[in-house]
Structures are given as C-alpha cells and as structure tokens.
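A.B. asks: Protein chains in written order, with this note's numbering: chain A, 1 to 336; chain B, 1001 to 1436.
If you are wondering where the hints come from, they were derived from the structure by calculation, not from laboratory data. Computed from a predicted model, the values in this text were never measured in an experiment. It cannot be assumed that every hint is accurate.
Reference listing, derived: stretches of chain B covered by chain A, where coverage requires no fewer than 3 residues with Cβ under 8 Å from a Cβ of chain A [what the hints assert, rightly or not]:
no.	region
1	1326–1339
2	1351–1360
3	1363–1376
4	1381–1390
5	1410–1424
Derived pair list, reagent style DSBU-like, types lysine-lysine, alpha-carbon separation capped at 30 Å [claimed, not checked]:
no.	chain 1	residue 1	chain 2	residue 2
6	A	K324	B	K1435
7	A	K326	B	K1154
8	A	K21	B	K1023
9	A	K279	B	K1393
10	B	K1080	B	K1057
All C-beta atoms, glycine included, are put in the ideal place defined by N, C-alpha and C.
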Amino acid sequence: MATEAKAHELIVSVSPHVRGKETVERIMWTVNLSLLPAFIMSVYYFGPLAAYVTGLCILSAVLSEHIYQVSLKKKTTIGDGSAFLTGLLLGLNLPPSVPFYIPVVGSIVAIIITKLLFGGLGYNVFNPALIGRAFLLISFPKLMTIWSEPTAQFVALDAKTTATPLGILKEGGLDQLMQVFGDKGDLYMSLLMGSRAGSLGETSVIALLIGAALLFYRGYITWHVPFSFLATVGVMAWALGGESGFFTGDPIIHLLSGGLILGAFFMATDYVTCPSIRKGQIIFGIGCGAITMLIRLKGGFPEGVMFAILLMNCFAPLIDRSVKSKMFGAIKEQKK
Amino acid sequence: MGKTATFERGIHPEYHKELAAGKPIVKAKLPQRIVVPVSQHIGAPAKPEVGIGDEVKRGQVIGSTTGFVCSPVHSSISGKVIAIADFPTAVGKMVQSIVIEGDGKNESVDFKENPDYMNMGADDIKAVIKDAGIVGMGGAAFPTNVKLSPPKEKTIDTVIINGAECEPYLTADHRLMVEHPREVVEGLKIIMKALGVNEGHIGIEENKPDAIEAMKSAVAGESNIEVWSLEMKYPQGAEKMLIKAIKEREVPTKGLPMDVGVVVQNVGTALAVYEAVRFGKPLIERVVTVTGAGIKEPANMMVRIGTLMSDIVEQCGGLVEGAVKVISGGPMMGFAQWTLDVPVVKGTSGILVLAEDEYVSSEEYSTCIRCGSCIDVCPMGLNPSMLSILSEKGFFEEAKEYNLFDCFECGSCAYVCPAKRPMVQFIRLAKSQVKP
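With the rest of the complex left out, here is chain A (with noise of 0.2 Å):
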C-alpha cells in the first residue's frame, strides 16, 4: 500500500494530541515583566544601588538554582524563569542599602534551602523570596532596616535614612505622620507613586498595580487570594487600627503602605505555595489579611505582610485538603 512507508514514522502518544498554548516559561516571564514597573520605580526613587542590589539578587538566585542542577547531574530549569522571579521579588524587598552579601546570602537561602531542597519548583512549602528575606531580617536586623529616604537618586551608600510610614505609625501614631507628609492628600500621593522610604520594590504602589492589571488580563491570577487579603487588611484597619476607639482607623494608610499591595498580588498568589482550589485561596487571602493586622497593630514589627504569608503558606495544603471544589454528581437530591 502507498502510504505503508510512511506507517512506520507514525508518533504513538497519548491523548489528548492536541495542547493549549500555556507554557510555565510564559507564565514565569510574564511575571517578571509585570514587576518591571515596580523596579523602574525602585530606580527613580533609589538610585543606581536599586538596580544593583536586585541584579545581585537576581544573579545569585539563578547562579545558585544552575550550580545546584549541575553538580548534582540534573537538568538545569533556570531557563523556566522561576528563579530569576525569585530573586527579582527577594531584592524588590530589600531595603535600598544593604551590603553586597545580604542579596547574596538571601538569594542563596531561597533557591537552595527553600526551593530546591524541599523538590524544586512546585515542591516548596513557603514562598522562596520570602524565606530568603525572613532569614535576613533575623540574621541580620539591622542591616535590614536601615530606611533611605527615596529622593536619593543619585547619592549612594551614604544616603539620608529615615523611618518607613508604617515605622513612623508604630512609634510616634498618626499625629507623627501627618508631621512628616503634610496633610492626608498629600500622604495618600506619596504613597501611592512611591516616594516613602520602605524595601525597593513596595513603595510605588500605582507601578505595581501596573504590573498586577497584566497579570489579571493574562488570567495567571484571581481576584480571590489579592482581594480577599486586602479587603481584610482594610476592615481590620478600619475597625481596630483607629486611636479613638473602635472604627475609626484609617484604611487607606494600611492599604497603601508597607509591603502590602507587592505581597498581595505577586507573593501570596504563588502558585505553589498558595491553595489552588479558588474557595481556599479565599481563605487564605483571609487569613493573610487578619495576621498582617495583628502584627501591625499588636506585634513587635512595624509590617506583618510577610510573616503572614509564610504563616497562611504553611496552611495551605491544609486548606486545600478540607475545601474540595463541589463534585460533579456529588449531590444528594435530584431537580426532576
């Protein structure tokens, strides 16, 4: 028969032969290019050291995933973009002036410890970059909270510091903050375009919310996890955050400040470490959003953004375990 020759090239494979176009390389660096603006930002604001201590960042954490693979004979994935995203966002939380080390050890303890030691991407329990900054911030406290002022562009290490908003809140109250920003319009600008002190990538909250609207129009995220945080860190600001008593904080302040709005959109909605099923990732944006607030409001830190969502990442199996989605025919009574 003709086409017997050709019968012997047929690909056997399993079905379905046809696939969608969906790649995690695209997703990843889809990613990455929604935190652009956030890093021009952190530029503008911050300098030249800005850019250098999330290249470091960014090259230590890729630097280490290859190293890793290699000497351990496996095939290299740094290629799928996920540990370029990890130092991006790790040194899009550091402070602007930190010594050459800390992006290199953090980078470090969020490739090796967090990511590649517990299986690799899709494995890991906690947020990669957020571990790497927990470490940090612990190992190293002071180092991690010298806060330059953001009108540095040019001047380097030895930059004006200050304290951040949500410092300057904890210590010295609203009255404190207003001294500082004028009135509340002009606190509202200032931390809506990014010129606060805070870690590089968090401040700008308008360049954020730019690379956000990518992520929501390509459909890598939901509303439920950034939405269900948010909504909960402002009722609580609003209900418990006031000084003259019950419903009388101000939200806004809380919304925009600290690392609330980076947190929300680009590391509480990693994949891996969030639940997948849509109802928990409420939950989980939930119970981001409640111990964020008790930090601010009651614990020893100015900020409880990411120990919230290493705390809610430890839950997250969990979560997705007790909320299986509603099953096809799972129901009892039939509509006849």
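The hints should help you fit chain B onto chain A, whose structure is shown.
C.D. replies: Leaving out everything else, chain B in the frame of chain A:
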C-alpha cells in the same frame, strides 16, 4: 426552542472544523478486502458464525451475540472469508477478526423493510436494533439495545440526541444532521417509542448553525422534541455534561444517565436505528471524518465497517509530507495509530492526521506548579493536579480519595496544563493500579 445551554467549567480548544465541515458526505469506494473485528463494542465479543472459505453477502451476520451485553457483526461487502485471526485494531489491542476478500459484486442479503415501523412494539424495536448490531457511534460503542433496556426500577422520561460533536476537527455528526435531519428525527422517535418516553431533545453546539437550522425544520410539528443550541465548549458532548446542559440534572457520582431518567444517543446511532427499523439495514457503514493538516483532501465519507484506514487515507489523496500522527477519533480522546492497516469499526468517528506544526510532544513535562488551571476546567469538579501528583509518586490508594474513578478522561486538564504534564495518562495509571 433556541436556548444556549451548557455545563460548568470546560475548555475552548481550537476547533479546526472548517477543514471538513463544508464537505458533503461521499461514499467510499467498495473495498477490496475488509477486516471485521468480532469485538467492536463494550461487552462480550461476538462469536464467528462463518468459516474460512465461506461465501458471504453484504448485511449477512458473520459474528453472533454471546450474551446480553454483546452485539453481532455483519459483513459490509460480498465475498469470501479468507482468514479468522487476531488483527490490530484502532484502540491498540489485537482482536479476533474476520477477513473477507471482496468479489466486487456487492450482493446484499434481503433487508426486511417495515414502512409501518411507528406501530411496532418496544420489544420488537429493541430486537431489531440488537440484530442490526447497533452500538453507540459516538465512540464508546455500548450496545444500543442494552441502553434501551434499563432495569425496571429506573424510570426514563427523556431521550437526548447528542449532536454536540465537541471534539475538535470532527464533522461526521454535523454532516449527518445537515444532510439527513429527517432520518435522525425518525431515529429519535423510534428510540423514544422503545423507551416509552414522550420527551425528546437534540443538543447541538452553536458552532453548527446549519445543523441547528436543519434539525429545527425537521422537528417542526413534533411538539415533544426540542432542538438546543449549546455553548461551544469542550466536553459539551460528554453524556453527563449534555444532560446537565439540557435537563439541569446531575448524574450522581459513579452513576449512569438512567439514574436521572435520561438516555443519551449519538446522532449517528439515531440514524442507524432508523435505517435498521425502517429498512432492515444492519450497521455496516458509518460516516467517518477524514481530516487534519496531514491529509491531502479532507472529507466526510460513508465508510463500510471493516475498511482499512489505509484505503480511506489513499482515497483522500494520502498523507502530506510531514504528517506525523494518525488518530482514530478526535484529538482530545482519540487513539494514536502505529499502523494504518487497522479497520474502521462501528465507533470510529474520524481519522485525524496531524501535521508537524499541529503536533505537540508529550515527552517532556515538568513538575506541577499547582497553578490550578486544571481544577478550573475539570468538568467533573475534580482536582486533576492532585491526582497526577499522587499517581506520579505511586500513591494510588490516596488518589482514590480524590475521586479518581469519576474522571472520564476528557483531557481538558492536560490541554490547559502549562507544565505539559500527561495528566490523563497519570490518571489511567492510577485507575489501573487500584480497584474502583
């Protein structure tokens, strides 16, 4: 009439129906030789009724039933039996098959016509359907008379004709509805009569407006039959999804459509039922869509059961340079072939030839990143991500707790998986390792 209904979740693959949708059904050439497997259906294989050297005619029974869940097989040409042995089939198994060398005369046995078929009793109808060897022609090939004989305690109130044809590329049912709408409706009426049911539906995906139009005019005047325009979404044509869309009833887990009072039959089956009951014609031919970028001239063909795929491919101009994969059925649930010398059987809805640029390798995949895409699309509301991870690590019993056996392997999870994991294969592996 004219509602757009659907189920929850599901996917929107590229459909590529345009390759063959406009091609009228043409008769395939009389094959020189046919290979008729005695088991083309779910259930016990038929028993060969002929010996080597016997002369047979078109429509003659060559394999008889051996039990209730079984279906006879017929010769689709006239000629001489030259072999009875195991031959490869499209699902990959070797099956005992009767090989008939044609005499080129195409002589038929006499078919018993019955113009008064609407006055037949239910049992007579079922007997004719059984003797005609009719099985579900959507792919599963479950004997139709068994489906029409539910246990006494199950009350059936609805019959749905499945014209969704949600598998990408395939257009066989589409063409049948456009070209033979009246016959399909008559088939539906016969099925309703056999079940004593007074409510009929025909569900068609909205991407086939000409079929919807044709079926609507064919049911004009039939007050108890409704034509539905269904959302274009895979797997809309899965029985459970179809029933959900049209009747808003959910077949309970581990249950069957009859548990919610519904019987679903494919468009092709309805036509076969009509031809058997009205003209006495057994199931000896079916419409097969030959399509894909890897075939020179896509077509919808009326093919005699037992014709080798290689014959059909040749009549469609052969494979193009760079054709890499031949699939029996659709791209989502069909079977890849290692040889074209396998016969078209009662459940063969299509021969799909993928060219290089349509082919996606499933060899390389990475770990699950738990993006949850599969959970968002699983029509059964399962957690395919967990099922694949558990199966990959050998935790088959644990997979059962995640409702492993509710998966009907539609492949939606694998389609959307960014890590390109062979989800369906993991699930099949787990299913093979534990008892339901």
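A.B. asks: Each of the hints needs a verdict: does it hold here or not?
C.D. replies: Consistency of the hints with the structure:
1. 1326–1339: Coverage by chain A holds for the region 1326–1339 of chain B (11 residues, Cβ < 8 Å).
2. 1351–1360: holds (count 5)
3. 1363–1376: holds (count 11)
4. 1381–1390: holds (count 5)
5. 1410–1424: Holds, because 10 residues of the region 1410–1424 of chain B bring their Cβ atoms closer than 8 Å to Cβ atoms of chain A.
6. A:K324 with B:K1435: Since the Cα atoms of K324 (chain A) and K1435 (chain B) sit roughly 22 Å apart, the hinted pair holds (cutoff 30 Å).
7. A:K326 with B:K1154: At roughly 26 Å apart (the allowed maximum being 30 Å), K1154 (chain B) and K326 (chain A) satisfy the hint.
8. A:K21 with B:K1023: At roughly 29 Å apart (the allowed maximum being 30 Å), K1023 (chain B) and K21 (chain A) satisfy the hint.
9. A:K279 with B:K1393: 26 Å, holds
10. B:K1080 with B:K1057: Judged against 30 Å, a Cα distance of about 9 Å means the pair holds.
In summary, the structure agrees with every hint in the numbered list given earlier.
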